[in-house]
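Participant: Sequence:
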Amino acid sequence: MASTIQGLHDADVMTTRSVMTRKADVRDAVLKVVSGATRSLAIFTGDLEPGVYDDAEVLNTIKQLVLSRSYVRIRVLVADPERALRRSNRFVHLARRLSSFVEFRQLGEKFLGRPEAFLVADESGVVYRSNRERWDGVADTREPAVARLYLQDFDQMWQDSTPAPETRRLSL
-4 MASTIQGLHD ADVMTTRSVM TRKADVRDAV LKVVSGATRS LAIFTGDLEP GVYDDAEVLN
56 TIKQLVLSRS YVRIRVLVAD PERALRRSNR FVHLARRLSS FVEFRQLGEK FLGRPEAFLV
116 ADESGVVYRS NRERWDGVAD TREPAVARLY LQDFDQMWQD STPAPETRRL SL
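Residue numbering for the sequence shown is -4 to 167, as defined by this note's numbering.
Since the hints were derived computationally from the structure, they do not count as laboratory data. Here a beta-carbon is modelled for each residue, glycine too, at the ideal position from N, C-alpha and C. Hints may contain errors.
[What the hints assert, rightly or not] Restraint ranges, calculated between C-beta atoms of paired labels, are given here:
hint : residue 1 : residue 2 : range
1    : D75       : Q154      : 28 to 34 Å
2    : S95       : D155      : 21 to 27 Å
3    : G31       : E111      : 20 to 26 Å
4    : R12       : D75       : 18 to 24 Å
[Said to hold, decoys possible] Pairs of lysine to aspartate or glutamate residues, derived as EDC-like cross-links and limited to a Cα-Cα distance of at most 20 Å, are as follows:
hint : residue 1 : residue 2
5    : K18       : E104
6    : K27       : D50
7    : K27       : E138
8    : K18       : D50
Take these sequences, add in the hints, and give me the full structure.
Facilitator: If you want it as structure tokens, here you go:
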């Protein structure tokens, strides 16, 4: 009887953590974490990971977040913004149209050696990869203590970064 009750309890508990090993896993985790956001996104990336941040469903979710609230803030720290632009990333094009809500900065020189990539949503959701050149990582939609730690790290890097004017160029 106790094992039956325990089994029912385990089924009722909603799993919020996921392990990522492929690009599709990262894309799905980003979509899930962004879907739960209501106020802010902080994205630390090498080049906006083509196939993740420029995925149509991810872009639509970000667009809906911005259009549904007037106070949303999206900050994007990019280690190599020129590389993202060379690949004609659709996230950059969307951000140009929503420039009141999305701000890009180029990672400061003293942080250029940082290998990880992460997303923090609302001081709660996290998508983290220790090496941005690989797809292995973890994601959690409800991990406020960890999210706050990554957000503090992000804020420190943000303060030492510079605006990335190349992301504001208009497409002709």
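Participant: Against the earlier hints, flag every one the structure doesn't satisfy and list their numbers going up.
Facilitator: Hints 1, 4 and 5 not satisfied by this model.
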